[in-house]
Structure formats: structure tokens, C-alpha cells
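Participant: Each chain, letter by letter, is given below.
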Amino acid sequence: MITTTIGSLKKKSSSPRVILGTIMTALSGLCMILTLIPLIAVLFFVFVQGFSRLNIDLFTQLPPPPGLDEGGLANAIIGTLVVVGIAVILAVPIGVLTAVYLSEFSHGNKFATSIRFATNVLSGVPSIIAGIFAFGLLVSSGIVGFSAIAGGVALAVLMLPTIIRTTDEALKIVPQEIRWAALGVGAYNYQTVVQIVLPAALPGIVTGVTLAIARAAGETAPLIFTALFSNFWPNVSPQGLVEPIATLSVLVYNFAILPFKPQQELAWAGSLILVFLVLATSIIARLATRRKVY
Amino acid sequence: MTQSDSSNTDNLMMGERSPLEKTLDNGFKWLTFAFALSIGLILISIAVIIAVGAFPAIKQFNFSFFTNSNWNPVTDQYGVIAVIYGTMVSSLIALIVAIPLGVGAAIFLSEDFIPEQIRTVLVFLVELLAAIPSVVYGLWGIFVLIPITTVFGTWLHDNFGWFPLFSTTPAGPSMLPAGIVLSIMILPIIIAISRDSLASLPPDLRQASLGLGATRWETIFRVLIPAAISGIMGGIMLALGRAMGETMAATMIIGNSNRLSISILDPANTIASLIANQFAEASGLQISALMYAGLVLMLLTLIVNILAEYIVNQVKAKYE
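Just so you know, the sequences run in chain order A and B.
The first sequence maps to residues 1409 to 1702 in the working numbering.
The second sequence maps to residues 231 to 550 in the working numbering.
Pulled out of the complex, with its shape left as it was, chain B reads as follows (with noise of 0.2 Å):
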């Protein structure tokens, strides 16, 4: 033991390293790359399981998968536009809704209007909004928000019933509560992203502004808001893709129904939440199907994320 440490201590000093340790070294470093490496195979399996499980799906229908709106396991005939638009839609009244509270409470957290130390908790509570499960958020839909709703949906259907989108009598689930649920549940991401891009801008921007006499308000919106605008958009879009993939809180409000309505107080579906609904239960050629709708789910988000990402680098450039 004390002769192999002296000669430890020989080869410190000589410089020099004994295979065995210079092997651990090489073989830690290949370990890392190893792990590294497997996180792109990981990404490609995804795409490559997903797309393998719907290939049955595709050669059968192809295209005609989206323009078919029925979704029938009986006679085994699948279409996705109808929940193809009741993802858009529901992504879409999640996006009005949190948009306007998002990028307002982004202003309100990123300038000096309350004293630091309350904002800093405000900061965290937003935080803690996104990381309630969605099945909670869900559980709650179900019991609270959609009775609220539903009162609010007979209102819109009597004062404005003439108009397509509230053309029904709200009855409970429907896409209405579901896009007011998932605008909750991207109001984070929004506020989060809102927020960075207007704290990186530079000092300056705003020391020129309110030194040309301009007030504070005169500064956010013609100065402070156009400059950082790319990373809002971003952040926007970013809440678009989680919108599009939100599965629980969805499925448990928004009625499950195929059937194509245009009104948003009739119960609807989305493409997680049709997975969600029938995979467990689904055999043969409707798995398949399904695996095809969470494939053209995926491309979507997919496209919608990278997009993203790109908008809020070119926002990071400009200004490091």
C-alpha cells in the first residue's frame, strides 16, 4: 500500500500517468459523450416509434386523415380535422386570454412599481402556477370553473347566439372552460419570457427615453416594448406549443366530443385529449390512428417550438 502511494508520488512528480488511471480518465470522458449522445437518440426514437406505430394508419388513409371528421372505432374510420380545430381553438382562446394578463403582469414585475421584496414573491407565486399538475387543474375545472362558465356561456348565447361561435346552449364541457384552463396554465410562460426579454434590455434604452422627457408609460410602449418585442413573441409561441400539447386539464373539461361543431360552448376535443381518452382502451388499426394523431401533434408543437426558440435567440444576439 505505502510502496504503490510513494510510486504515485514518483510519477506526480515525473508527469507521468499510469495506464489504468489514464484509461478511467479517457473512459469517464466517453461515458459523459455516451450519456450526451443517447439524449439525440432519445429525440430520434421518439420520432421513429411514433412514426413506425402510425405507419399503418398513413397507408390506409393517408390524407383523407385530414379532411375525415369522423373518428369511428366501430367501422374503423379515423379523420382529425375535428380536433385538429378544437386544438387550434381551444390554443386559440388560451392565447387572447393570456396574452393581454401576461404581458401586462410582465411590465408590472419587470419595473420598480412595488418594492423588490413583494415582487420577488410575486415572481415565485407565478412560478408555483406552473407547476400545478394539470389534474388538479382539471379536477378543478370540472367542479369550479365550468359551472362559472356555463353561466357566462348562456349569457354570451342569449345576448350574442346569432354570431357561429356561440351559436349553442352551453350545457358544461366545452371548449370554452378548456381554453380559459389552458390561458391559466400558459400564463407563466408568457409572464416568464415577457419578463427576461424586457430585464436584458440595455439601461440605456431607457435612461435616453425618459431623459428625452417621455414618461414611464411613454417609454414602455414606444421605447422598452419594441425592443424586446421579438422575445415576447417568442415567449408567446412557446406558450402556443405547451397550449397545443396540454393533455389532462383538457381532456377533463373540454366534453370529448369528435363531432365538428363550430361553436366554442358546444363540448369539442383536441388531439392530446382524443389520445388521452381512447388510448388505453384502443386495439389494432385505432392505435395506429391514434399514434398518427400524436404524430401530426408532435410535428405541430414540434414546428411551434423551434420556432420559438429561434425568435428568443435572435433577441439574446442583438443585445449580449
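Bound conformation, chain A alone (with noise of 0.2 Å):
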């Protein structure tokens, strides 16, 4: 028996060692288990309680007053839209140049190197903050009030740090051979990247700005101030952008919490549009950095 042992490089099954191991590595498993069933409950009970309201109604009609049946949750479909919209054409500018600068142009200075710095404490401020900032600064200073602006305001401050990592990362795979090869031909520095590593890069900030506006769509706490919520239809006429508009995100907030079964349900549907949007995006995003452009 001690020969074998000595004889042997093979660790023994039975030995304490080997044991030890095999339960370390059945306990890492179930950890493993252990984090994915919130997911697979979360998502379970998003699809059972909120596929049994969907209809076409939920898409094309108000919510009901309290207590009654029937009715949907357009109007918060179309202020998701309208604030998310607003929040895009705020951050994606802002951004993208950003991300620019920092990879084609600051040639690793100090302060590229603080603005990344910054980006990332951005990264980091909770959204309830963002929230206080759109409202100091647009709502308590009388400039618009509770409105689609302020909400699209706090959302755009809460992308901007994805959309700036996601295009950076994006303008770096960027091989340096095809920047040459434009300067090479007599390019400026703007045709270069504008035509040239732009559009190189375009599936990589696609995805990041995709995933950016999944998040916004899902975010709440700095909406509940700013874009408050409303019942009714948002105002067709700009003036609609100056008023308080519902939200998917605050629907289900707002419902969820209320005693009546008919909204607790639509927050359930709601809930469910909502994780269907993330995970369409999501999957959408991984085929798309599949492909690869160079």
C-alpha cells in the first residue's frame, strides 16, 4: 500500500487532499446555482404574471382608475420613448466625442487621463443623484419644471459613462495600420477618424450605445422627480417635452405599491416589457461584437 503511494505520481482518490478538493469544487458549483436562481425566479415570475395581461390593449390604451379592469399602459410606453430619446441625443454627442478625443487625439495626457478618471466616478454616482443634479438644475432653478427634458437630462448623465468606455474600447481594436494608411493618403486628422475609424468602429459603439439605452429604459429613481409621472396622454405638440409624462419605470413603481389587482397587474406587464427590452439588447449586442469589421 505505501509503495504503490510512493510509486505512483497519481494523487489517490481517497486521500484527504483529493476529497477536500472534489467538496471545494461542489461548493463553488453551488454558488454558482445559488447566484442564477434569483435570475431564473425573477424572470419566471416576470413572464407568468406578465404575459397573462398581454394584449393589445396593454399597447394602445390608458391605464384604468384605480380598482377597474382593462385598459394598458401606452401612455408610459411613448414617455419611455420620448425620455430615453431625448437622453440618447444628449449622450451619444457628447460621448462618442469624448471617447474621441480620449483615444485618437490626447495621446495619453494627463488629462485624458483625469477625464477617464472622472468618467468613472460618473460611472459610479448613484442614479438617485443624477436625478437631484437634473432637478437642481433644471427643475428647482424654474428653467423647465417636471418634465420629459429633466428626466431625459438625468438619463443622459447616467449613460454617459458607458457610451464613453464602450466607444473607447470600440476606437482601440481599431488596427493603427488603417490611421496610417489614411494620413498616408493626404487625410486630415477629422476625414480620418470621422470617415475612416468611425465607421471601423461603428459595431463596437453601436452595442455599447444599445446597452446604454436599455439600462436608461429600466432606470427609476431619477425619474420619479423629474419627469414625475402623469395618467393621461403626453401633449403631441412640443409643449408635451415641459410636462410631466409617464414612464414605464415608474409605472411599475407606482402600481406595484398601490392595493388593487389590475395595476399590481399592468406593473407586472410592464416589468415584463421591460426585461424583455434588456434581454433582446442584450443578446443582440453579443451577435453583434461577433462580427468583426477588420
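Do not take every clue at face value.
[Claimed, not checked] Covered stretches of chain B, as calculated for chain A (at least 3 residues, CB under 8 Å):
#1 258-271
#2 275-283
#3 370-379
#4 500-506
#5 523-531
[To be verified] Here are the computed lysine-lysine pairs in the DSS-like style, where the Cα-Cα straight-line distance is at most 25 Å:
#6 B:Lys289 x A:Lys1518
#7 A:Lys1580 x A:Lys1518
#8 A:Lys1580 x B:Lys259
Everything labelled a hint here was simulated from the structure, so no lab data went into it.
Positions of the beta carbon are idealized from the N, C-alpha and C atoms, including for glycine.
Dock the two chains into a complex; use the hints.
Facilitator: Structure (C-alpha cells):
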């Protein structure tokens, strides 16, 4: 028995070291499973509860008065599109051009380092703080009041770090040779960036922006005191942009705590739409990044 | 048209550039610089706007804000000790649950226990966990998690009621389910960063250890984890920052009681959920007090996040 142990380089499967290893492997696997249980539980409940409420009315009608059945959440869907749209219009140019500066023109100077640092700090700022910022900047100062614009500004602040980082990464992957080639045939810096480098990095940038949009659409905290909420159709004229507006995420929050069954069902249906949005964008983003331009 | 085209070619051959194009080129550079600068300005103006908004409350309450637990809009008396306690304890519960699970899962994902393809799917699922909107976790928490934790909390109270943390009978919303939801929401950060730190270790470390006859788990515990520990700690700090600032899930589950109670089975409140709850309907000094609370939250998360980034960068520098 002793001789076999010495003679063989293989660890005996009954030795305490090996058994301990097997137990640890099982434990780490258990950690993995326990981590995924909440995800599966959330997805399961959202799909089961939300699906029963899924119909055409959901997308075409206003929420019912408290306690009454029927109705939908069309105004909140439109509101989410409007508020997120404003955020995209603000955040995409700022984010992309900032990333262009960082990766193309800064040559890694101190200023670029501090802007990258500021981006990281910004990504750690709690979303509710972005809400207070938009409130202080636009609402309490009397510039626009509770409105889609104030909500959009708050969401834009939250989207910026994601857009900057993904664009920065996407630009870094573009091979240096194509920049040299463009400059070599006499292109200006801006031509190189706008016509050669940015198109090459486009899949990565679009992925980042899409993920940021999905994130922003689910944000609630900064909206509950900037965009507030509304039970009515948003105003079609530009006036609608400076009035309180309903959003899906705030609808889920407001209706979840009401003691009425129809409202709770709408909250689940709203959650289903939000989760579907996140799920779809994550999968699309994953497929998009697989395709490489160079 | 053709003339200008040919003159362009001439310029190219001469190596000269038209003044307009030169201006455009410089203008573009300056434009990108200006946008980059705006990121810094946004960050500064966030701090300034909140500080200015908080100023009346800072003047009125000064440091008594941190020693008073009374939050009363009717008498305009505000203090945050209760919500700071709620923020700290709910984040602590989240860390206690999430650290072992997260580090365990990170080890599982960084070793080759299972085929590459399955691992890719698992990593995707963990990312998805981070992408689910917090208001959805809140909704799920209200209808699914609270009933479960109430049963568990009742058991805790019946058996360990002598311990101050479990001294009250659970009646639904409380710190316990809020802490658990927060732990679910910070798990992906801990997993992602721990996994990165483990994966970025040089392979020689592992080979040397295995070559000396250590088993895989002896290598993990005595070589890999010690080498990656600062990265893992950085990840945990980032997660703490996230847990302290997380708003919706906590607001919907924690019960929103501003009374200071030691028991984690009692309804409580966090800084973020206090703001979420009252801001829309607040006026006058209350807004200012809420902004003061927001300033405190921002400073807390800022310190934690900067510390986290510093620690994570330390590790990167060590092995790159």
C-alpha cells in the first residue's frame, strides 16, 4: 500500500486532499447555482405574471382608474420612448466625441487620464444623485419644471459613462495601420476619424449605445422627481416635452405598491416589457460584437 | 468644380493644405476636447448643484444632522442617523450574502471545471442579472421575496429573538429582504471583477504550484486567491458603493420607516430610498434636507468608489 503511493505520481482519489478538493469544487458549483436562482426566479415570475396581461389593449390604451380592470400602459410606453430619446440625443454626441478625443487626439496626456477617471467616478454616482442633479439644474432653477426634458437630462448623465467606455474600447481595437494609411494618402485628422476610424468602430459603438439605452429605459429613481408621472396621453405638441410624463419604470413603481389587482397586473406587464427589452438588446449586442470589420 | 478638384490635387502634391480645411481639422480636435472637458464639468456641477441646494439645511442643522434620528417634515426637523444606519446595515447584509457566493462563483467560472461553451452561457447569465432593472427586482421582492423572508425571519425571531438584530416579529417589509435583494444586485460586480483578477494572474504562478504537487484547490487557496486578493477586495468595494446607492429595489422592500431600530426584521430606510420617497412631494427646507442627505450619500459612494478603483489599479499594475 505504501509502495504504491510512493511509486505513483497520481494522487489517490481517497486521500483527504483530493476529497477536500472535490468538496470545494461542489461548493463553488453550488455558489454558481445559487447565484443564478434569483435570475431564473425573477424571469419566471415576470413572464408568468406579465404574460397573462399581454394583449393589444396593453399597447394602445391608458391605464384604468384605480380598482378598475382593462386598459393598458400605452402612455408609459410612449413616455419612455420620449424620455430615453432625449437622453440619447444628449448623451451620444457628447459620449462619442469625448471617446474620440481620449483615444485619437489625447496621446494619453494627463488631461485624458483625469477625464477617464472622471468617467469612472461618474459611473459610480448613484442614479438617484443624477436625478437630484437634473432637478437642481432644471426644475428648482425654474428652467423647465417637472418634465420629459428634465428626465432625459438625468438619464443622459447615467448613459454617458457607458457610451464613453464602450466607444473608447471600440476605437482602441481599430488597427493603427488604417489610420496611417488614411493619413498617408493625405487625409486630415477629422477625415480619418469621421470617415475611416468611426465607421470601423461602429459595431462596437452601436452595441454600447444600445446597452446604455436598455439600462436607461429601466432606470426609475432619477425619473420619479424629474419626469414625475402622468395618467394621461402625452401632449403631441412640443409643449409635451416640458410637462410631466409617464414612463414604464415609474409606472411599475407606482402601481406595484397600490392595493389594486389590475394595477399590480399592469406593473408585472410593464416589467415584462422592460425585461424583454434588456434581454433582446443583450442578445443582439452579443451577436453584433461577434462580427468584426477588420 | 473640376477646377477646384484639380487644385486640391495640386495642393496634395505640394503638401500644402487649404486654410479652410486646416481650420476644420483644428476645429474638430477642439470640439472633441470641449466635449471631453464637459465630462469633468458635469461631475463638478453635480457636486456644486447638490451642495448649493443643501446649503440652507447645512446652515440650519450643521452636524446635528448626523446625530438626530428624527425626520419630521411637519416640524421641519431633520436628522439622518436612522437612514445612515439603514444604508450601512442593508449594504452589510448584502455583502455578507454576496461575497461568499460571488467569490465562489468567480472561482467556478475562472477554472476549467466545465466546458468553455457552458461557461460563456453562465457568464452571459450573470451579466443579465446585472441588467435587469432594479424596479423589477423591487416588484419581485414585494410579491415573492418578502413572503419567503417573513417565514425565515419569524423562525429567526422565534429561535434567536434574544439577539438584538432579531428582536422584533417580522411583519413584511424590512431590512432583511432589502439586504437580500441588494446582494442579488451586487453579485454580478463581485463575480465579474473577481473573475477578471483571477484570470489576469500570470499562468506561471499556477504551473509552479501544481508542479510542486499541490492539488487544484490548494493552488487556488494558497496561491491564486492571495495573489488576486486586492482585485477581489476592489470588486467588493465597488459592490459596496453600488449597494449603498441602489434605490428602487430598496425603497420598495425596506418599509420606509425613519424610526431607528436595531432589529433587521423591522422596517427601515436608506438614504437613497428616503430621497426617492419624499423628493417629489417635498418643499422648502425639506428639499434642502433631502439634498443634504444626497450630498452625504454622494460623498460616501465617492469615497468607496475611488478607493475601489485605486485598489483595482494597484493589482493591474502589479502583473502587467
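Participant: Does each hint fit the structure? Answer for all of them.
Facilitator: The hints, checked one at a time:
Interface restraint, the segment 258-271 of chain B with chain A: holds (11 residues with C-beta to C-beta distance below 8 Å; minimum three). Proximity of the segment 275-283 of chain B to chain A, defined as three or more residues with a beta carbon under 8 Å from a beta carbon of that chain, is established by the 6 residues found. Coverage of the segment 370-379 of chain B by chain A holds [criterion: at least 3 residues with CB-CB distance below 8 Å; count 4]. Counting residues of the segment 500-506 of chain B whose beta-carbon sits less than 8 Å from any beta-carbon of chain A gives 3, enough to reach three: the coverage restraint holds.
Coverage of the segment 523-531 of chain B by chain A holds [criterion: at least 3 residues with CB-CB distance below 8 Å; count 4]. A threshold of 25 Å between alpha carbons decides the hint, and for B:Lys289 with A:Lys1518 the separation of about 37 Å lies outside it, so the pair is violated. Under the criterion of a C-alpha separation no larger than 25 Å, the hint pairing A:Lys1580 with A:Lys1518 is consistent with the structure, at around 18 Å. As the CA atoms of A:Lys1580 and B:Lys259 are separated by approximately 18 Å, the hinted pair is consistent with the 25 Å bound.
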